[in-house]
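Given next are the chains, with one letter for each unit.
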Amino acid sequence: MTTRIITILGFVVVFLAAGTLVAASWLRPERHARFTETLRHVTKGRAIRILVLFCWAWLGWHFLAR
Amino acid sequence: MRVLGAASLVLLAWVGSGLRAQTWPPTIVILMIAGIVTMLAFRRPVGRLTGPDAARVPHPLRRSTLVWGVLLAVGLLWEAYAFFHQPSPLTPSFTHPTLSTLFDPFLEYRPVRFTGWLLWFWAGRSLVRL
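Chains as they are written, first to last, in the working numbering: chain R, 10 to 75; chain U, 177 to 306.
It should be emphasised that the hints constitute simulated quantities derived from the structure, not laboratory data.
Virtual Cβ for every residue (Gly too), placed ideally from N, Cα, C.
Check the hints yourself; a few may be wrong.
To be verified - Stretches of chain R that chain U covers, calculated by requiring three or more beta carbons in the stretch to come under 8 Å of a beta carbon on chain U:
hint, region
1, 17-29
2, 42-55
As the list claims (entries may be wrong) - Simulated coverage check for chain U against chain R, where a stretch passes if three residues somewhere in it have a Cβ under 8 Å from a Cβ of chain R:
hint, region
3, 205-216
4, 294-301
Said to hold, decoys possible - Computed spacing ranges between beta-carbons, pair by pair:
hint, chain 1, residue 1, chain 2, residue 2, range
5, U, Leu187, R, Leu68, 18 to 26 Å
6, R, Arg43, U, Ala182, 19 to 27 Å
7, U, Gly211, R, Met10, 40 to 48 Å
8, U, Leu253, R, Thr11, 44 to 52 Å
9, R, Ala32, U, Arg219, 30 to 38 Å
10, R, Cys64, U, Ser264, 19 to 27 Å
11, R, Ile14, U, Leu253, 29 to 37 Å
12, R, Met10, U, Met177, 15 to 23 Å
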């Protein structure tokens with residue numbers, strides 16, 4: 010297995026895990042909070058909210074304008 | 177009114193996806209949208225739970241915060257692993273592609289870029305509506 014495939018597989022695993030978490034929150038809401046609820050919870054603080062908004066803006070610039 | 181707003185965003189996404197990358201116009205559009213979303217996102221009151229209130233956070237929420245945090249950290253570490261194996265910060269590596277290196281060839285196509293703009297707007301709208 011080449012290094013390229015291993016690197017790509019790493020990203021695939023992370024995305025699959027994220028998808029599994031989202032699915033788990035829909036199937037077992039008593040165990041896992043929804044992603045939006047989690048995000049609402051962590052962005053109660055000013056610093057994290059600014060950080061999340063900055064990351065969102067940077068992603069837009071990086072992928073769509075750069 | 178909602179239909180008009182949605183149609184305006186779709187139109188803006190179409191215009192944005194047609195702008196040449198690595199020029200000022202798409203950067204200005206993104207900065208303007210980011211500014212508006214930031215202002216709207218701060219209409220929601222700020223205030224982290226402290227003391228006994230923090231202990232009353234439901235268990236699933238605490239678990240999800242931890243799990244999503246760990247997953248984000250793993251994703252960022254993996255991206256950093258690929259990034260620091262590039263020959264230089266601006267030179268992509270074939271053997272260690274970052275997410276940008278993997279997505280860039282697809283983003284050459286306008287329909288993909290248009291979809292990207294729509295997804296970015298949707299994410300921004302979600303951040304405002306939290």
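Hint check:
1. 17-29: holds (count 6)
2. 42-55: holds (count 14)
3. 205-216: holds (count 7)
4. 294-301: That given contact holds, which follows from 3 residues of the region 294-301 of chain U lying within Cβ reach (below 8 Å) of chain R.
5. U/Leu187 - R/Leu68: 18 to 26 Å: 22 Å, holds
6. R/Arg43 - U/Ala182: 19 to 27 Å: 23 Å Cβ-Cβ, so the 19 to 27 Å window holds.
7. U/Gly211 - R/Met10: 40 to 48 Å: Once the Cβ atoms are compared, 45 Å apart, the range 40 to 48 Å for R/Met10 and U/Gly211 holds.
8. U/Leu253 - R/Thr11: 44 to 52 Å: 21 Å, violated
9. R/Ala32 - U/Arg219: 30 to 38 Å: 31 Å, holds
10. R/Cys64 - U/Ser264: 19 to 27 Å: 24 Å, holds
11. R/Ile14 - U/Leu253: 29 to 37 Å: 19 Å, violated
12. R/Met10 - U/Met177: 15 to 23 Å: 54 Å, violated
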